[in-house]
Amino acid sequence: MLRRIATEILERNAGAGEVALVGIRTGGLFLAERLQKLVREIEGNELPLGAVDIALYRDDVFEGLPRPQIGPTELPFKLRGTTIVLVDDVLYTGRTVRAALDALMDYGRPRAVQLAVLIDRGLRELPIRPDYVGLATESTASDSVRVKLTETGESEDRVVLRSRKDP
Amino acid sequence: MTEPARAFRHRHLLGIEPLDADDLVQILDLSESFLQISERQIKKVPTLRGRTVLNVFFESSTRTRVSFELAAKRMSADAVNISGSSSSRTKGETVLDTARNLQAMNPDVIVVRHNASGTPGLIARHVEAAVINAGDGTHEHPTQALLDCATIRKYKGPIKGLEVAIVGDIDHSRVARSDVLALCKLGANVRLCAPATMMPRGIELIGGDETRERVSVHTNLASALDGADVVMMLRIQNERLGGTSLFANTREYARYFGLSARTVARAKPDAIIMHPGPINRGVEMMPEVADGERSVILHQVTYGVAVRMAVLYLLGGPAPDED
Numbered sequence: 001m002l003r004r005i006a007t008e009i010l011e012r013n014a015g016a017g018e019v020a021l022v023g024i025r026t027g028g029l030f031l032a033e034r035l036q037k038l039v040r041e042i043e044g045n046e047l048p049l050g051a052v053d054i055a056l057y058r059d060d061v062f063e064g065l066p067r068p069q070i071g072p073t074e075l076p077f078k079l080r081g082t083t084i085v086l087v088d089d090v091l092y093t094g095r096t097v098r099a100a101l102d103a104l105m106d107y108g109r110p111r112a113v114q115l116a117v118l119i120d121r122g123l124r125e126l127p128i129r130p131d132y133v134g135l136a137t138e139s140t141a142s143d144s145v146r147v148k149l150t151e152t153g154e155s156e157d158r159v160v161l162r163s164r165k166d167p
Numbered sequence: 001m002t003e004p005a006r007a008f009r010h011r012h013l014l015g016i017e018p019l020d021a022d023d024l025v026q027i028l029d030l031s032e033s034f035l036q037i038s039e040r041q042i043k044k045v046p047t048l049r050g051r052t053v054l055n056v057f058f059e060s061s062t063r064t065r066v067s068f069e070l071a072a073k074r075m076s077a078d079a080v081n082i083s084g085s086s087s088s089r090t091k092g093e094t095v096l097d098t099a100r101n102l103q104a105m106n107p108d109v110i111v112v113r114h115n116a117s118g119t120p121g122l123i124a125r126h127v128e129a130a131v132i133n134a135g136d137g138t139h140e141h142p143t144q145a146l147l148d149c150a151t152i153r154k155y156k157g158p159i160k161g162l163e164v165a166i167v168g169d170i171d172h173s174r175v176a177r178s179d180v181l182a183l184c185k186l187g188a189n190v191r192l193c194a195p196a197t198m199m200p201r202g203i204e205l206i207g208g209d210e211t212r213e214r215v216s217v218h219t220n221l222a223s224a225l226d227g228a229d230v231v232m233m234l235r236i237q238n239e240r241l242g243g244t245s246l247f248a249n250t251r252e253y254a255r256y257f258g259l260s261a262r263t264v265a266r267a268k269p270d271a272i273i274m275h276p277g278p279i280n281r282g283v284e285m286m287p288e289v290a291d292g293e294r295s296v297i298l299h300q301v302t303y304g305v306a307v308r309m310a311v312l313y314l315l316g317g318p319a320p321d322e323d
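Line by line, the protein sequences are chains A and B.
Each residue of the first sequence is one higher than the one before, counting from 1 in my numbering.
Each residue of the second sequence is one higher than the one before, counting from 1 in my numbering.
Isolated chain A, as found in the complex (with noise of 0.2 Å):
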């Protein structure tokens, strides 16, 4: 599945200049580093690869205790004329993503920025689209979508839909 987006990511930006990945912590992060390994594989070529941490970003960041602990964003490349990455396990409502891209932003002014899921389990509330997708399947928002990596410490890669009507 990764795979396949890493091979759409290149076909996708073939000649386009700088390309880099920039995983959303922290589900997001391990996908991306995955997917730079992939594209040494495929490409042999190394894409730059970052991390943003949105927790600052969030529209929710005071609804609920606790406070979320805050990773720190890592862009070691420049911004501006290059076309991000984005990357994260699962799009929902999308709210993460209107965070992220927010916090791009202050970062500098990239070229483009393209959205990489693993799981797109639908139900947005923003008009946001994805466009690069492992798997996209319908859920409800009683529905649990969990990404399970082994970076994570799980014994091995899964993605587990569960529905709260039959456990």
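No wet-lab data here; the hints were simulated from the structure.
There's no promise every hint is true.
Said to hold, decoys possible - Here are the simulated DSS-like pairs of lysine-lysine, each with C-alpha atoms no more than 25 Å apart in a straight line:
id, chain 1, residue 1, chain 2, residue 2
1, B, K156, A, K78
2, B, K156, B, K268
3, B, K91, B, K43
4, B, K154, B, K44
5, B, K43, A, K78
6, B, K154, B, K43
To be verified - Listing some non-contacts, in silico: residues in chain B with all C-beta distances to chain A over 10 Å:
id, residue
7, I37
8, I42
9, V45
10, T47
11, V95
12, G202
13, E213
14, N220
15, E288
Virtual Cβ for every residue (Gly too), placed ideally from N, Cα, C.
Got chain A; can you put chain B on it based on the hints?
Coordinates of chain B only, in the frame set by chain A:
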């Protein structure tokens, strides 16, 4: 999605005394993230948009006031500054009336500096807003202690087990009191050093058992500095001495308690030199030390903004019981 931090259990920041080590570490960790915002081209995050921070300084200050003001602005809060001379205190209004009037304007955070110990606590009991103590009399100056700890941690790693010397007018210093409490809670050993006239009796008991075992009192600079990891010099505060003579003259003070290339050699070779500012050059610290490569005095100032952003982040939202 970021991991939720543990809830911050305090509504106000009146001092270091009510905080525990976990609270301190939480603020210090957050400060590291906020430090980075001040290094960007766009030095602002939208987190506290639409919230109001009042900086009420009944006692003059430039560094602390600007630091709080920048911290609020970089969090997108609206910051209003009120200073002692322009406030209605000069017209005879009591502190409590001033506080009630300020509260009537619906601020979210009130930052208070006052020359009487306990004033921020008094105000906190009468207002809805979160109150941050920016220095009260000879009581506490919690954000200074937090920025000191953040700076120490940056240069020396974990604070636990470090030997920290604090030298100067301990008796009149709220910075020293907050630093002693914070450093001891984080596991450092603190040596306090001052002429006997400037050393409050029983200072080692300020934090009960927590400080009794970790604080030692010195009247000899060399013994206080011997093998220290951190040397923190305090300003000789002429304005607080009130005409009484606690030492013969500044030259004598500088000779026995001033930090110079000669005296600093007693500390560890990699010890860092700190000062809460403003420095009386030639009195408590010689220029060659203040400007030397081990001086981290200006990094303290940088951390000051980050630490205050972290505190505003933790206290600037709705009160916990409304969430």
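Ascending list of hint numbers which this structure does not respect: Per hint list: 1, 3, 7, 8, 9, 10 violated.
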